[in-house]
Amino acid sequence: MAVVEKDPGVLTEKLVLTRTRAQDLDSVKKLNCWGSGITDVSVIRKMINLEVCSLSGNKISSLEDFSHCPNLQELYIRKNKISDLRHVHWLKKLNRLRVLWLADNSCSTGDNYRMTVLKTLPNLQKLDNVGK
1 MAVVEKDPGV
11 LTEKLVLTRT
21 RAQDLDSVKK
31 LNCWGSGITD
41 VSVIRKMINL
51 EVCSLSGNKI
61 SSLEDFSHCP
71 NLQELYIRKN
81 KISDLRHVHW
91 LKKLNRLRVL
101 WLADNSCSTG
111 DNYRMTVLKT
121 LPNLQKLDNV
131 GK
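full-length UniProt numbering puts the first residue of the sequence shown at 1, with every later residue one more than the last.
I should point out that these hints are in silico values taken from the structure, not numbers from a laboratory.
Each residue gets a CB set at the ideal place from its N, CA and C atoms; glycine is no exception.
It cannot be assumed that every hint is accurate.
[Claimed, not checked] EDC-like, lysine to aspartate or glutamate: derived pairs with alpha carbons at most 20 Å apart:
1. K132 <-> D104
2. K59 <-> D26
3. K29 <-> E64
[Unchecked claim] Quick list of simulated restraints, FRET-style, between CB atoms:
4. G110 <-> L17: 36 to 44 Å
5. T39 <-> T116: 34 to 42 Å
6. G131 <-> T109: 34 to 42 Å
7. G110 <-> T18: 20 to 28 Å
8. S61 <-> D111: 31 to 39 Å
9. T18 <-> S106: 28 to 36 Å
10. R45 <-> K81: 33 to 41 Å
11. G37 <-> G131: 14 to 22 Å
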């Protein structure tokens with residue numbers, strides 16, 4: 001059953017609960033909204049127990065909202081619109097983050113990309129499907 005939203009670019013609470021079959025946002029631990037045309041993920045701020053998030057193939061331009069997810073361990077956000085590598089700093093306080101897939105964003109094309117991300121996020125074990 002497809003869920004039609006008024007603004008298809010916004011990840012809404014209704015869409016999250018439908019996709020995860022959760023009762024509320026606090027109980028969401030895994031979210032997969034790959035390739036959904038999402039631009040706004042501000043609802044992520046309310047998902048403090050989120051551990052695994054797959055939002056690849058969307059139109060997300062910032063990592064700021066993920067800074068409110070202290071339990072996040074894996075973030076798959078390749079093929080989005082993240083243009084500035086400085087956005088990685090929003091993830092700096094996420095001490096449990098072990099896997100980040102940021103490839104195929106324009107911020108991942110620079111010569112110092114890998115070194116910069118690993119230096120900023122020293123707890124990462126895997127960046128773009130490649131181990132440290």
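Consistency of the hints with the structure:
| no. | hint | in the structure |
| --- | --- | --- |
| 1 | K132 <-> D104 | holds, 19 Å |
| 2 | K59 <-> D26 | violated, 25 Å |
| 3 | K29 <-> E64 | holds, 19 Å |
| 4 | G110 <-> L17: 36 to 44 Å | holds, 38 Å |
| 5 | T39 <-> T116: 34 to 42 Å | violated, 25 Å |
| 6 | G131 <-> T109: 34 to 42 Å | violated, 21 Å |
| 7 | G110 <-> T18: 20 to 28 Å | violated, 38 Å |
| 8 | S61 <-> D111: 31 to 39 Å | violated, 22 Å |
| 9 | T18 <-> S106: 28 to 36 Å | holds, 31 Å |
| 10 | R45 <-> K81: 33 to 41 Å | violated, 19 Å |
| 11 | G37 <-> G131: 14 to 22 Å | violated, 31 Å |
The structure does not agree with the numbered hints 2, 5, 6, 7, 8, 10, 11 stated previously, though it agrees with the rest.
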